[in-house]
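Protein chains in written order, with our numbering: chain A, 1 to 116; chain B, 1001 to 1116.
One or more hints might be untrue.
A few chain A residues facing chain B, derived, Cβ under 8 Å [as the list claims (entries may be wrong)]:
hint, residue
1, G3
2, P8
3, Y33
4, G42
5, L43
6, Q48
7, G52
8, F64
9, G84
10, S86
11, F90
12, S94
13, D103
14, F107
No lab work stands behind these hints, which were simulated from the structure alone. Only a predicted model underlies this, so the values are computations on that prediction, with no experimental measurement involved. The beta carbon of each residue, even a glycine, is placed where N, CA and C say it ideally should be.
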Amino acid sequence: DSGVTQTPKHLITATGQRVTLRCSPRSGDLSVYWYQQSLDQGLQFLIQYYNGEERAKGNILERFSAQQFPDLHSELNLSSLELGDSALYFCASSVVGSGAHTDTQYFGPGTRLTVL
Amino acid sequence: AQTVTQSQPEMSVQEAETVTLSCTYDTSENNYYLFWYKQPPSRQMILVIRQEAYKQQNATENRFSVNFQKAAKSFSLKISDSQLGDTAMYFCAFMTNTGANSKLTFGKGITLSVRP
C-alpha cells in the first residue's frame, strides 16, 4: 500500500458525459500528479499540482481539468467524454515536486474509466 | 524533450534465474533521476528502484540492481533469483532535476514472465 488513495476504482459511463476522479496523497506530500495509461499511448503525464497551485502541464486535453484543494486532495474532471478516453488514470504524490532528491513519486491504485 | 526507450516488449525467465531488462534514454541534462516501476496484474504501479544520475554507484534493493551507464545513457535492471511474484510489466522512467517540475517520462514497458 503506497498511502495514495483513489476513488472510484472503476467507472463506466457514456460518451458525452462528465466524470470526476478523486485522489488523496500520502500524508505529508504536497505534490500531486495525474497520469493516463492507455494501450495506444502508454503512460502519459497529464498535470501536476503543488500545494494547491498548478505546477506543470503535460498532454492534457482541454476537455480535462484538475484542481488541488486546501486539504491537498485532488480531483481530475473529464468532460464530453469520448471512447478514446477509456483508460487507467493514476494519481501519484511526492513530497515537494521540484525535482529534489526526495521527489520519488508513489502511485495510487488507479481508476479504470470505461466510456461506452 | 526527454525520451525513454524499452526495445524489448517481452521477456521470459525461469524461476530462480537472473534476468536483465534494458532501458535507454535521451536527454541533454546532466542532473536527473531514473526509476524502475513494476506493474503486476493488479495494475498497481510499484516503485522498484531509483538511481540519481550524479551517483556513480549503482543502486541495489535486495534482489534488484541496476547497471547505470551515464555516458551511454543506459539504465538496465537486473533481477536475481527470479520469483513467480516478479511476473509483471516493468517500466523505466526518467525525471528531470531542473527544479520546474518533476514529471515522470515513461518507456513503453516490458512484460516479464517468470516460469515455474
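* In ascending order, which of the hints set out earlier in this document are inconsistent with the structure? -> 1, 2, 7, 8, 9 and 10
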